[in-house]
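Q: All chains, full assembly: derive it from the sequences and hints.
So the protein sequences, as listed, match chains A and B. End of the first sequence sits at 133 in this note's numbering; the numbers just go up one at a time, nothing left out. End of the second sequence sits at 866 in this note's numbering; the numbers just go up one at a time, nothing left out.
What the hints contain is simulated information worked out from the structure, not anything from laboratory work. As the structure is a prediction and not an experimental result, all values here were calculated from the model. Accuracy of the hints is not assured; some may be wrong.
When the alpha-carbon atoms are kept at most 25 angstroms apart in a straight line, the in silico DMTMM-like pairs for lysine to aspartate or glutamate are as follows [stated by the list, open to error]:
{"#": "1", "chain 1": "B", "residue 1": "K769", "chain 2": "B", "residue 2": "E753"}
{"#": "2", "chain 1": "A", "residue 1": "K77", "chain 2": "A", "residue 2": "E26"}
{"#": "3", "chain 1": "A", "residue 1": "K47", "chain 2": "B", "residue 2": "E753"}
{"#": "4", "chain 1": "A", "residue 1": "K77", "chain 2": "A", "residue 2": "D87"}
{"#": "5", "chain 1": "A", "residue 1": "K91", "chain 2": "B", "residue 2": "E854"}
{"#": "6", "chain 1": "A", "residue 1": "K47", "chain 2": "B", "residue 2": "D808"}
{"#": "7", "chain 1": "B", "residue 1": "K821", "chain 2": "B", "residue 2": "E753"}
{"#": "8", "chain 1": "A", "residue 1": "K120", "chain 2": "B", "residue 2": "D790"}
{"#": "9", "chain 1": "A", "residue 1": "K77", "chain 2": "B", "residue 2": "D808"}
{"#": "10", "chain 1": "B", "residue 1": "K809", "chain 2": "B", "residue 2": "D790"}
{"#": "11", "chain 1": "A", "residue 1": "K91", "chain 2": "B", "residue 2": "E782"}
{"#": "12", "chain 1": "B", "residue 1": "K809", "chain 2": "A", "residue 2": "E26"}
{"#": "13", "chain 1": "B", "residue 1": "K817", "chain 2": "B", "residue 2": "E831"}
{"#": "14", "chain 1": "A", "residue 1": "K91", "chain 2": "B", "residue 2": "D811"}
{"#": "15", "chain 1": "A", "residue 1": "K120", "chain 2": "A", "residue 2": "D28"}
{"#": "16", "chain 1": "A", "residue 1": "K77", "chain 2": "A", "residue 2": "D28"}
{"#": "17", "chain 1": "A", "residue 1": "K120", "chain 2": "B", "residue 2": "E854"}
{"#": "18", "chain 1": "A", "residue 1": "K90", "chain 2": "B", "residue 2": "E831"}
{"#": "19", "chain 1": "A", "residue 1": "K91", "chain 2": "B", "residue 2": "E753"}
{"#": "20", "chain 1": "B", "residue 1": "K809", "chain 2": "B", "residue 2": "E753"}
{"#": "21", "chain 1": "B", "residue 1": "K770", "chain 2": "B", "residue 2": "D808"}
{"#": "22", "chain 1": "B", "residue 1": "K821", "chain 2": "B", "residue 2": "E831"}
{"#": "23", "chain 1": "B", "residue 1": "K823", "chain 2": "B", "residue 2": "E805"}
{"#": "24", "chain 1": "B", "residue 1": "K823", "chain 2": "B", "residue 2": "E782"}
{"#": "25", "chain 1": "B", "residue 1": "K769", "chain 2": "B", "residue 2": "E814"}
{"#": "26", "chain 1": "A", "residue 1": "K47", "chain 2": "B", "residue 2": "E822"}
{"#": "27", "chain 1": "A", "residue 1": "K47", "chain 2": "B", "residue 2": "E854"}
{"#": "28", "chain 1": "A", "residue 1": "K47", "chain 2": "A", "residue 2": "D28"}
{"#": "29", "chain 1": "A", "residue 1": "K47", "chain 2": "B", "residue 2": "E831"}
{"#": "30", "chain 1": "A", "residue 1": "K120", "chain 2": "B", "residue 2": "E805"}
{"#": "31", "chain 1": "A", "residue 1": "K47", "chain 2": "B", "residue 2": "E805"}
{"#": "32", "chain 1": "A", "residue 1": "K77", "chain 2": "B", "residue 2": "E822"}
Computed from the model, here is a short list of chain A residues facing chain B with C-beta under 8 angstroms [stated by the list, open to error]:
{"#": "33", "residue": "N52"}
{"#": "34", "residue": "R62"}
{"#": "35", "residue": "H66"}
{"#": "36", "residue": "I70"}
{"#": "37", "residue": "A99"}
{"#": "38", "residue": "K120"}
{"#": "39", "residue": "W123"}
Here a beta-carbon is modelled for each residue, glycine too, at the ideal position from N, C-alpha and C.
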Amino acid sequence: SQQGEEDPQALSIQEGENATMNCSYKTSINNLQWYRQNSGRGLVHLILIRSNEREKHSGRLRVTLDTSKKSSSLLITASRAADTASYFCATSNAGNNRKLIWGLGTSLAVNP
Amino acid sequence: EAQVTQNPRYLITVTGKKLTVTCSQNMNHEYMSWYRQDPGLGLRQIYYSMNVEVTDKGDVPEGYKVSRKEKRNFPLILESPSPNQTSLYFCASSFYRTTSNEQYFGPGTRLTVT
Chain A
22 SQQGEEDPQA LSIQEGENAT MNCSYKTSIN NLQWYRQNSG RGLVHLILIR SNEREKHSGR
82 LRVTLDTSKK SSSLLITASR AADTASYFCA TSNAGNNRKL IWGLGTSLAV NP
Chain B
753 EAQVTQNPRY LITVTGKKLT VTCSQNMNHE YMSWYRQDPG LGLRQIYYSM NVEVTDKGDV
813 PEGYKVSRKE KRNFPLILES PSPNQTSLYF CASSFYRTTS NEQYFGPGTR LTVT
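A: Here is the structure:
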């Protein structure tokens, strides 16, 4: 079952620009995670934000979480061609901390 | 190096011929999971295991079997593969804790059933 819905489905930007992706979900969560997938490869965990956190940074990544709106955003600053990938949000719901519910992903293309 | 390994990486087989995709992790993770990824459908969980000898169905378990006899290994078995099981398969593992459960993924197995 899918819970997270990423928006937009696809995004194309120039190198150096910022990229923002959004994720909405339906039920109460313990945490929300973002993953990156290069074409046809395994997903790589980027960042986890807990339900009692509002913002988190990791290098060029900034994640926000608004539990009242049941939404999160991932901002990649100063994008590079190597950031070209699909980005997925996954929620870990209250009551079942181990199962992750996945969105369908945002496909990001960073043009040199 | 901490990693999840899967074998084989690519497999072409025929309908009905039993196959096993192996998965192994070296991080002492309790939780392991199998997903399939199909265009437009995202990641769908097939089976998961919360520890040795404990397995449970995910969202799309039909046509698949798993076992967890050792903590590090979680093979996926297709007893009688069919063309609708053509997909990209991922194994993943994580710690079984409430504070953080980020998953580590294998490189994927691309399966084609003709």
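Q: Check each numbered hint from earlier against the structure, then list the numbers of those it violates in ascending order.
A: 1, 3, 9, 11, 18, 19, 20, 26, 29, 31, 32, 36, 37
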